[in-house]
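S.K.: Here is how the chains run, residue by residue.
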Amino acid sequence: MFQGPIIFGLTVNEILLAVFLTLALIFTYKTLVERDLVKAVVYSGGEAVSYALAFVVMYAPDLVLAYVAVGLGIYSALFLFVITRTERYEKEVVEA
Amino acid sequence: MSSEEALAIIVSLAAAALLAVVAVGQGLVPVASTDLTPLARFYLLNVYNGSSQLWGASPEVITSILWDYRGLDTVYETAVFFLAIIATLTLFRDAKLLPETAGSGRGMTVIVKTVTRITFVTIPIIAASIALHGHLTPGGGFQGGAAFGVAPLLLITAFSLRLAAERGWSKGKLLTVRTAGLLAIGLIAVSTPYIIAALGGKAGIGYVMQNQPKAWAEVGWPYAIAYAGMRVLFSGTLLFLNLAELFAVSAGLALVFTVIAMPTEVLEKGGGVKK
Amino acid sequence: MMEAATLLWIYFYSVLLVTVFLSLYGVYRRPNVLKKIIMLSIFGDAANVLAVLMGFRKNAASPPVYPGQTYTEWSAPNSTQLQQFASAAVDPVPQVLVVTAIVIGLAVLIFLSAAAILLYRHYGTLDVRLIRQKIIEGGVEE
Chain A
325 MFQGPIIFGL TVNEILLAVF LTLALIFTYK TLVERDLVKA VVYSGGEAVS
375 YALAFVVMYA PDLVLAYVAV GLGIYSALFL FVITRTERYE KEVVEA
Chain B
69 MSSEEALAII VSLAAAALLA VVAVGQGLVP VASTDLTPLA RFYLLNVYNG
119 SSQLWGASPE VITSILWDYR GLDTVYETAV FFLAIIATLT LFRDAKLLPE
169 TAGSGRGMTV IVKTVTRITF VTIPIIAASI ALHGHLTPGG GFQGGAAFGV
219 APLLLITAFS LRLAAERGWS KGKLLTVRTA GLLAIGLIAV STPYIIAALG
269 GKAGIGYVMQ NQPKAWAEVG WPYAIAYAGM RVLFSGTLLF LNLAELFAVS
319 AGLALVFTVI AMPTEVLEKG GGVKK
Chain C
191 MMEAATLLWI YFYSVLLVTV FLSLYGVYRR PNVLKKIIML SIFGDAANVL
241 AVLMGFRKNA ASPPVYPGQT YTEWSAPNST QLQQFASAAV DPVPQVLVVT
291 AIVIGLAVLI FLSAAAILLY RHYGTLDVRL IRQKIIEGGV EE
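Protein chains in written order, with the working numbering: chain A, 325 to 420; chain B, 69 to 343; chain C, 191 to 332.
By construction, these hints were calculated from the structure, which means they are not laboratory data.
Heads up, a few of these hints could be off.
Simulated crosslink set (DSBU-like; lysine-lysine; CA at most 35 Å straight-line) [as the list claims (entries may be wrong)]:
{"#": "1", "chain 1": "A", "residue 1": "363", "chain 2": "B", "residue 2": "239"}
{"#": "2", "chain 1": "C", "residue 1": "226", "chain 2": "B", "residue 2": "164"}
{"#": "3", "chain 1": "A", "residue 1": "354", "chain 2": "B", "residue 2": "181"}
{"#": "4", "chain 1": "A", "residue 1": "415", "chain 2": "B", "residue 2": "337"}
{"#": "5", "chain 1": "B", "residue 1": "239", "chain 2": "C", "residue 2": "226"}
{"#": "6", "chain 1": "A", "residue 1": "354", "chain 2": "A", "residue 2": "415"}
{"#": "7", "chain 1": "B", "residue 1": "181", "chain 2": "B", "residue 2": "337"}
Nothing here was measured: the structure is a model prediction, and the numbers come from that model.
The following block holds chain A by itself, in its conformation from the complex (with noise of 0.2 Å):
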């Protein structure tokens, strides 16, 4: 059974999560709008890193060890090899 202090009714856990998803939704929208896709690729990074804490908030300690690996090490990885292959700038949205 939970042990820890619940405040207004809500456990350290739910709070916790609300703040990590809150900051991958931050990271989402900076992903979203920025041109520079090497920016882009470490904001990517950034939720990666946020999904990973909520899901040690939730206990799947299982989907960490994939996350962190996975998400932050070899997704980035293959992204920035793209990169490098390609080009780096993403062109100004031309309204029709």
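Once you've looked at the hints, dock chains B and C against the given chain A.
M.R.: Using the frame of chain A, we list chains B and C on its own:
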């Protein structure tokens, strides 16, 4: 921020809030639930319950479900991963990894190289630990393999692909390890019916991906062996499947990074696409 | 007046759905193919967290792993210990499905990244509007 982005954000905020309120109001999703579903309760109570007929002989409920109760699903998932890597190789089918075609071999600075020398040893040890304790603690074959995949990536970026090619890496060797891992998983998957046949039992009793003996299929893998006066728990097929998955995933990721890190001209020539 | 917990869970689902919608908007509307792939990976991540959130419960205190077992020091628990374990652990089923989903997502993204490199070789750009223009003009064979 353009007007279109602002509109998209406002619309998605409104739609998400509406959907969430409707889903919670209609009881479609759990809200601050304090109880388990019957299926979850079944798994939690039976996977490590020695007196249950359906036990999985492993304290790690997730690995046990992944490789035992839903084992066939995971075999196909590994096959999908294998196919994706084969498809990536097919896109660059003529790009050969030779010391002459592997780029300059300059690498990064001395500081980066020194740190990489240390981490290149520690990462595989941690990955092997994650995979080999997969049936006891959180982790498993895929998690270990994904962590292992970072080590060749570091070698390629910090040193160079040329060093790897000179040390004898080739696409063929990595593909051999990858295929051997998948083959081992396939052999373990069909092992139980063959063990029964070899022991002279009735044919057609054991089923595919069977781990522990069941009342209606009485031959399975042992879950512990006696060694030096102790009983060592290895949970039947789980340890071997985790090990095979470690080899398959780490070799597959190394293969992908080896191919993608090749110089652009080699990739261009090997891809068979006109510019 | 709703309880604070209910409001917080509505907030969880809303935030995850906003992430899903924003990433889908990125996939649909951003011109760069690599940006589309990055947003697709975020879409997958948000969907995975949504699945695990449904298996999370308020009074959980441990992951679905029976604690304190090693290779040589282990013992199958009795039914009281198992009931205690089941009353504290979270739902394992969504976590198992998400492990599978992560592997499949990785496979898809590896293939898409390789395809993006070849797309750039062929058209000289990753901007879908320019690619479309080149196809319409017929400047590219095949």
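S.K.: What are the numbers of the hints that this structure violates, sorted from low to high?
M.R.: none
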